[in-house]
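Engineer: Chain residues, written in single-letter form:
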Amino acid sequence: MKTLFALFGAACLVLTASLANAADKPTDPQIAHIAYTAGVIDVEAARLALSKTTSADVKAFAESMQKDHEAVNDMALALVKKLNVTPEDNATSQALSTAAEEKRAELGKLDGAAFDKAYIDNEVAFHQQVNGALETLLIPSAQNAELKGLLETGLKLFQGHQQHAEHVAAGLK
Amino acid sequence: MTARLLNRRQLLATGAVVLVGNTLARARNGTVHVTIETLAFLPAEIEVKAGETIEWTNKDRFAHTATVEGGWEVLIPPGKVATRIATATDTVEYYCRFHPNMKGRIKVSA
Ligand SMILES: [Cu+2]
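Note that the protein sequences, when read in sequence, are chains A and B. For the record, in the first sequence the residue sitting at position 95 is 95 according to my numbering, with numbers rising by one throughout. For the record, in the second sequence the residue sitting at position 30 is 30 according to my numbering, with numbers rising by one throughout.
If you are wondering where the hints come from, they were derived from the structure by calculation, not from laboratory data. In this text, all values refer to a predicted model and were calculated from it rather than measured experimentally. Accuracy of the hints is not assured; some may be wrong.
[As the list claims (entries may be wrong)] Mimicking DSS-like on lysine-lysine, the simulated pairs with C-alpha atoms at most 30 Å apart in a straight line are:
id, chain 1, residue 1, chain 2, residue 2
1, A, Lys67, B, Lys80
2, A, Lys156, B, Lys107
3, B, Lys80, A, Lys148
4, A, Lys82, B, Lys80
5, B, Lys49, A, Lys67
6, B, Lys59, A, Lys148
7, A, Lys117, B, Lys107
8, B, Lys107, A, Lys82
9, A, Lys148, A, Lys81
10, A, Lys59, B, Lys80
11, B, Lys59, A, Lys81
12, B, Lys59, A, Lys59
13, B, Lys59, A, Lys67
14, B, Lys103, A, Lys67
15, B, Lys49, A, Lys59
16, A, Lys109, B, Lys59
17, A, Lys148, B, Lys107
18, B, Lys107, A, Lys59
19, B, Lys103, B, Lys80
20, B, Lys107, B, Lys59
21, A, Lys173, A, Lys52
22, B, Lys107, A, Lys173
Assemble the whole structure, with the sequences as input and the hints as a guide.
Structural biologist: Here it is in structure tokens:
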């Protein structure tokens, strides 16, 4: 329990620290890469959940995550193509991916109710973290109006996901 | 002259379209429309009579629902239309189960 908590705290710190270190403002190509990476991470988490869970609520949540994040990432790909922007890998994207791999390995060892709880709790935390980054850094830093618009739609969508996850978490108790 | 005539015709045509549009949106054919766009129900609040149809048009790429806590639920797939026939007890608040930050309200009038 103590270890889980420490790990979770560490993952949060990674994003905050690397965002702070990215010397104020990420560029549009970096922002696009960070947002896309966050989407991919959540789709992979959903796939793991769908392979493990037997809870109808958790399954419905994971299916929604998979479909929504794939749809918004499709929209992002279409936009960067239209704007002729090449998403640029960066320290924040890498930190997100590394933290997500560790989390996936940890979740992979759990089953049943323990898995459901750990997955949903992490979904609440992950969306909270991404929403915080969108609100305070990514949206204010975005230069292109269409990219900013898509990030704003993403924020509404992910705020919805966070509330959905909180509802599911309340039902698991 | 021709131009002026055309303009007047266009104006008349526009007026007619607006009139028809309004009549359709208000419940002449017994349907009240709600559009879902960018994770919002528009309008968020509607008034219907029992027996009329509520029609949600989902313009998003995401699946949404109109869900009443402890009550009914309508699933509205991306790019699709879904309906419900309002009942006398449908004065309710509803939300999207997938995105609970989306909220709407229905008032049934006599
Ligand atoms: Cu929704």
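Engineer: Decide, hint by hint, whether the structure agrees.
Structural biologist: Each hint tested on the structure:
no.: 1; hint: A:Lys67 / B:Lys80; result: holds (16 Å)
no.: 2; hint: A:Lys156 / B:Lys107; result: holds (26 Å)
no.: 3; hint: B:Lys80 / A:Lys148; result: holds (27 Å)
no.: 4; hint: A:Lys82 / B:Lys80; result: holds (26 Å)
no.: 5; hint: B:Lys49 / A:Lys67; result: violated (35 Å)
no.: 6; hint: B:Lys59 / A:Lys148; result: holds (20 Å)
no.: 7; hint: A:Lys117 / B:Lys107; result: violated (38 Å)
no.: 8; hint: B:Lys107 / A:Lys82; result: violated (43 Å)
no.: 9; hint: A:Lys148 / A:Lys81; result: holds (15 Å)
no.: 10; hint: A:Lys59 / B:Lys80; result: holds (23 Å)
no.: 11; hint: B:Lys59 / A:Lys81; result: holds (22 Å)
no.: 12; hint: B:Lys59 / A:Lys59; result: holds (25 Å)
no.: 13; hint: B:Lys59 / A:Lys67; result: holds (16 Å)
no.: 14; hint: B:Lys103 / A:Lys67; result: holds (21 Å)
no.: 15; hint: B:Lys49 / A:Lys59; result: violated (37 Å)
no.: 16; hint: A:Lys109 / B:Lys59; result: violated (40 Å)
no.: 17; hint: A:Lys148 / B:Lys107; result: violated (36 Å)
no.: 18; hint: B:Lys107 / A:Lys59; result: violated (33 Å)
no.: 19; hint: B:Lys103 / B:Lys80; result: holds (19 Å)
no.: 20; hint: B:Lys107 / B:Lys59; result: holds (24 Å)
no.: 21; hint: A:Lys173 / A:Lys52; result: holds (19 Å)
no.: 22; hint: B:Lys107 / A:Lys173; result: violated (34 Å)
Consistency with the previously given hints fails for numbers 5, 7, 8, 15, 16, 17, 18 and 22, ordered from lowest to highest.
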